[in-house]
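A.B. asks: In case you want the letters, here they are:
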Amino acid sequence: MVASRAIGCLRRFANASRTLHHCSGYICRNFSRSSALLARSHINYGIKDDVAVIRINSPNSKVNTLNQELQSEFMEVMNEIWASDQVKSAVLISSKPGCFIAGADINMIAACKTPQEVTRLSQEGQKMFEKLENSPKPIVAAISGSCLGGGLELAISCQYRIATRDKKTVLGVPEVLLGILPGAGGTQRLPQMVGVPAAFDMMLTGRNIRADRAKKMGLVDQLVEPLGPGVKPPEERTIEYLEEIAVTFAKGLADKKISLKRSKGLMDKLTSYAMGIPFVRQQVYKKVEEQVRKQTKGLYPAPLKIIDVVKTGLEEGKDAGYLSESQKFGELAMTKESKALIGLYHGQVLCKKNKFGTPQREVKNIAVLGAGLMGAGIAQVSVDKGLKTILKDATLTGLSRGQQQVFKGLNDKVKKKTLTSFERDFIFNNLTGQLDYQSFEKADMVIEAVFEDINLKHKVLKEVEEVIPAHCVFASNTSALPINEIASVSKRPEKVIGMHYFSPVDKMQLLEIITTPKTSKDTTASAVAVGLKQGKVIIVVKDGPGFYTTRCLAPMMSEVIRILQEGIGPKKLDSLTTGFGFPVGAATLVDEVGVDVAKHVAEDLGKAFGERFAGGSLELLKQMVSKGFLGRKSGKGFYVYKEGVKSKDLNSDMDSVLAGLQVSPKPEVSSDEDIQYRLVSRFVNEAALCLQEEILATPAEGDIGAVFGLGFPPCLGGPFRFVDLYGAQKIVDRLRRYEAAYGKQFTPCQLLIDQASAGKKFYQ
Amino acid sequence: MTSILTYTFKNLPSSTWALRFSLRPLSCSSQLRAAPAVQTSTKKTLAKPNVRNIVVVEGVRIPFLLSGTSYKDLMPHDLARAALSSLLIKTNVPKEVVDYIIFGTVIQEVKTSNVAREAALGAGFSDKTPAHTVTMACISANQAMTTGVGLIASGQSDVIVAGGVELMSDVPIRHSRKMRKMMLDLNKAKTLGQRLSLISKFRLNFLTPELPAVAEFSTSETMGHSADRLAASFAVSRLEQDEYALRSHRLAKKAQDEGLLSDVVPFKVPGKETVTKDNGIRPSSLEQMAKLKPAFVKPYGTVTAANSSFLTDGASAMLIMAEDKALAMGYKPKAYLRDFVYVSQDPKDQLLLGPTYATPKVLEKAGLTLKDIDAFEFHEAFSGQILANFKAMDSDWFAQNYMGRKAKVGSPPLEKFNNWGGSLSLGHPFGATGCRLVMAAANRLRKEGGQFGLVAACAAGGQGHAMIVETYPK
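If you're matching them up, the sequences are chains A and B in order.
By the UniProt record's numbering, the letter at position 179 of the first sequence is numbered 179, and the numbering carries on one by one without gaps.
By the UniProt record's numbering, the letter at position 390 of the second sequence is numbered 390, and the numbering carries on one by one without gaps.
Quick caveat, the hints were computed from the structure, so don't treat them as lab data.
Possibly wrong hints are sitting among the right ones.
For lysine-lysine, the following BS3-like pairs were computed, each having C-alpha atoms within a straight-line distance of at most 25 Å [as the list claims (entries may be wrong)]:
1. A:K168 to B:K291
2. B:K178 to A:K415
3. A:K168 to B:K293
4. B:K348 to A:K385
5. A:K261 to A:K416
6. A:K417 to B:K408
7. A:K251 to B:K408
8. A:K408 to B:K181
9. A:K131 to A:K257
10. A:K417 to A:K167
11. A:K215 to B:K268
12. B:K277 to A:K256
13. A:K336 to A:K761
14. A:K216 to A:K261
15. A:K408 to A:K364
16. A:K232 to B:K272
17. A:K251 to B:K190
18. B:K178 to A:K232
19. B:K178 to A:K261
20. A:K417 to B:K406
21. A:K415 to B:K348
22. B:K293 to A:K256
23. B:K348 to A:K417
24. A:K413 to B:K348
25. A:K415 to B:K181
26. B:K348 to A:K167
27. A:K264 to B:K293
28. A:K415 to A:K352
29. A:K416 to B:K178
30. A:K388 to A:K408
31. A:K269 to B:K298
32. A:K216 to B:K181
33. A:K257 to B:K298
34. B:K181 to A:K232
35. B:K178 to A:K413
36. B:K406 to A:K232
37. A:K251 to A:K269
Label pairs and their in silico Cβ distance ranges [to be verified]:
38. A:R207 to B:L204: 51 to 61 Å
39. A:K416 to B:F217: 18 to 28 Å
40. B:Q288 to A:S259: 23 to 33 Å
Fair warning: this is a prediction, and the values are worked out from it, not measured in the lab.
Note that the Cβ used here is the ideal one computed from N, Cα and C, for glycine as well.
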């Protein structure tokens, strides 16, 4: 590898000498230190006139991450630059087209055993960036591609930032999403740079900011337009151009021709004036803290600590701020929440890969059957990514509704300015609405999203197989019907697969792919490839009643009904579940899913799994369905829904239904905490059973499925991470206690018992 | 001889020739190579068997003026009318002979949306001569000419007047959509109550006007911005651009001083003095040009007001005939209009690369190479655009990766290129430039000698055009 690097350098050197003849801009590239250069693997640097151009390019990786090696190489280079008389300024740029620096290396934190170690890491970072901030020679960060976390903290320590106005260029501090905080001076520098309110917004939401917005906020100083093809590929030339512009600015800064003072708008001036008043600042802290407490229910420690650290820095000065930042960073890194969130991050990365390989044929044309909520949603995420999509429905009214849904979804993006109206029209043109099977002979994949009725699914499958080509995959979007049962009427069961999307399809990240023993590997690879194209996080599970997600949800829902029967009101139940970290309360969830659907699933799975899925009385759902209380879609469920009204009232007609089915609660297992754990432990127990029965291939997929598909509390990291962090033994003990009260529904599965007795963990 | 060919053609409408002809109008290069038929000079000519020869008899243009100057109080059809009546006077063509009139324009005056007809009626053409208006951004006049070529070649017409007009001194600035909607609804409202309730919905922001922009609809990017990015893509420096612009102004000045711009006709502007020359030619110095700030990509871009074409008012017109007709009427034509192509490509990153795509294609069609061309007349939208096109035409990599060609076509030699100035210095009334290019090529071939001229232009929408002009043997 070293050899190839060396050759690369030589080639570049040769290029440089060639450019000497006809390009006056590149006067001198100083490669006199090539011996030192060869030793470096992440960074190389050359000198253009009197500007040092530092290029970051971590080997064997699509992204640059701030790891120990890169940091030390970088500081080594910086020290050389500071010592050199030739150099008056520097440009920092990545050679990777889609990535500046994607963040710090999470594994560095994972390797630490104590908070003190992490604090030390943070302090090293702080010192390094402080040196940059105080650099006597101006440093320009030339940003193209993702500039996140530690990458952004590095960029804001530089004197000047230039970013490409490219969709791929995003800036942000997503640490909060990993349960930590920007630990290398970010909490101190961001408020100075973009103002306190904007800094809070960035740090507390972790949101990605596009380049043009970053310019408006004052996060970057200049924008560079991405270029089209010249005598080189566009990406290559754009990076080169960015570098040229950055070098011009670096020279200007060194010669003091360009001022570092930013002209602030009136609003910015007003904000910074207001933030200068201590009383206003206190009010802002209070307000932000209130909001965070309301949203996180106190379950996530990181946002509160971020507020605290920012406050310390602003009120007690820089040194106190830095100290607080590093200490809180150390504390947070050791929390269960952070471990859970980082685990989810790793799981997500894993579920964004196609482990089944590249399919033999790339899917270019798909057809979606049924233009309902799901069908249209699937069509939307497909056309969005350039897949030619046929949307077929049985009636013109149904079809129009579906087409309108797709259009609205795209148009909302225009309103948010993530698409232009022209792009919307271009994308929408990928959609063909029709009532017949015309052109199905060109389809590479058919996804059916018709009503959940096995006979209808069979009819559709048979019809479709008459018209589709031999290679075409037939995917069924069902939430509970077993795929092998659907495939039983197929002439080509190896091409039949389940693709379980979650509603609303354009918002929910998860796709659960279900394979039967007959499904071929290539079919699976094809389905995963399409899902990834649609932007989904994918888990692949084996076929069985309820697959994985629906199966885990069912026992919990059964418990929800029992709890309601025991006299806990829907509002109280909702607050208990959201208080545990679920994004949507349990009663609201039933309304959202649809009471009829819940009843359908409960009946089906009840039959399949028997007593373990019992608990609450199905009668409750049946009565609700018969009264037309189907949840949000019918306007009434546990709550009353009105168009345009956000706050919801209880459906008073439910009182008599609940009263009629009331059972007496068991006081020994009815504390608030017990109610929460009764719900969660049944979920977790069923998830573990799925792993035990090999429905699930890995615990990581189980966690991702639960969190991204069902809203399992992210701070717990998913059922398996939860067992690891909470302790298998404690879970088993709880289950036993509830088992004593209610019986078999709470009997812990063998896998959990084994884990507990052996003291093993799902994640090593 | 040509008349005999035409005769055969007319009498054999069902022959295979006619069939092919209808499929690919004017593109018979394969036949050309198979049978180099008509020899009018020592070099081969581009005449094709069974295809009518089409000639330019004469072309005129009123002086191209910076917008906001002498033409500012006129309407577009006034300029077009001036060009048309000058053409009538200069050629003495009997008005009843003209079969059809076609004009190009870009920013349309809504009152005269078929500006060709309005101008022709006032210019003294017969009211029995139909006229229509075409639009294809900066190659609108080219489209007008080639539409005429098509009519003659297919035997529908013998005599065509083609031209173009643009008046940038006045552009339609509209009420906002909300305001328009309210005004239209008010029209329909029947009772006072309805009217009042409509008026009550009025908001101050309804009064914000909609301005036309020289921006792509599909990408919302202004053309100057795209030109700056294009120059950067091909690493064209600011200095190169300024040097090229200066060359254009100097050459234009020289041509103007030497009286070479013989297509310009004087125009007595109502209420004002008679305009006799283009007024945008301003040879300055590199130092002065270097002082200008970038106009689009701020603060570090390279496209400035000095190296871009400026907003221009002007009109041009041209008399195009079937060769046999022209000869029968006793005219001495100036040039043949030969093969032409239209091309289009990505409107975002390759907006202004039309000439790069069109040049090799039209040469191939005509069976010529770059070396056969004696006079290049390219539309200069921006210095950076011209230089980027040069670099693209000179790049094998670009030809292979973006044009699907085996090799580059090569860059035109500068000594044959836009020798009498170009759009940067003479001005660029969007709809009228095409005729100016063809007349410049024709007149240069007559003056400087040489047989073939190549006209090429880029246009908004990522489109382009090229045409071969062959000098008429003396």
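A.B. asks: Does K416 (chain A) sit within 25 Å of K261 (chain A), going by the straight-line distance between their CA atoms?
C.D. replies: Given that 25 Å is the threshold and the Cα spacing comes to 31 Å, the pair is violated.
A.B. asks: Between K415 (chain A) and K352 (chain A), is the straight-line Cα distance small enough, at 25 Å or below?
C.D. replies: Roughly 29 Å between the alpha carbons, so the hint for K415 (chain A) and K352 (chain A) is violated.
A.B. asks: Below or equal to 25 Å on CA atoms is what counts here, so check K131 (chain A) against K257 (chain A).
C.D. replies: holds, 23 Å
A.B. asks: Does the beta carbon distance between K416 (chain A) and F217 (chain B) stay inside 18 to 28 Å, or does it fall outside?
C.D. replies: For K416 (chain A) and F217 (chain B) the Cβ distance comes to about 21 Å; the hint holds.
A.B. asks: Could you grab the alpha-carbon distance between K181 (chain B) and K232 (chain A) and see if it respects the 25 Å cut-off?
C.D. replies: violated, 49 Å
A.B. asks: Given the range 51 to 61 Å, decide if the beta-carbon distance of R207 (chain A) to L204 (chain B) lies inside it.
C.D. replies: violated, 34 Å
A.B. asks: Holds or violated: K348 (chain B) with K385 (chain A), Cα cutoff 25 Å?
C.D. replies: holds, 20 Å
A.B. asks: Verify the proposed pairing of K251 (chain A) with K269 (chain A), using a straight-line Cα cut of 25 Å.
C.D. replies: violated, 29 Å
A.B. asks: Take the C-alpha atoms of K417 (chain A) and K408 (chain B), compute the straight-line distance between them, and say whether it is at most 25 Å.
C.D. replies: Measuring from Cα to Cα gives roughly 40 Å; hence the hint is violated.
A.B. asks: Quick one, are K257 (chain A) and K298 (chain B) close enough, alpha carbons at most 25 Å?
C.D. replies: holds, 16 Å
A.B. asks: Between K408 (chain A) and K364 (chain A), does the CA-CA distance stay at or below 25 Å?
C.D. replies: holds, 23 Å
A.B. asks: Is the Cα-Cα distance between K415 (chain A) and K348 (chain B) 25 Å or less?
C.D. replies: holds, 22 Å
When each numbered hint is compared with the structure, violations occur for hints 1, 3, 5, 6, 7, 11, 12, 16, 17, 18, 19, 20, 28, 32, 34, 37, 38.
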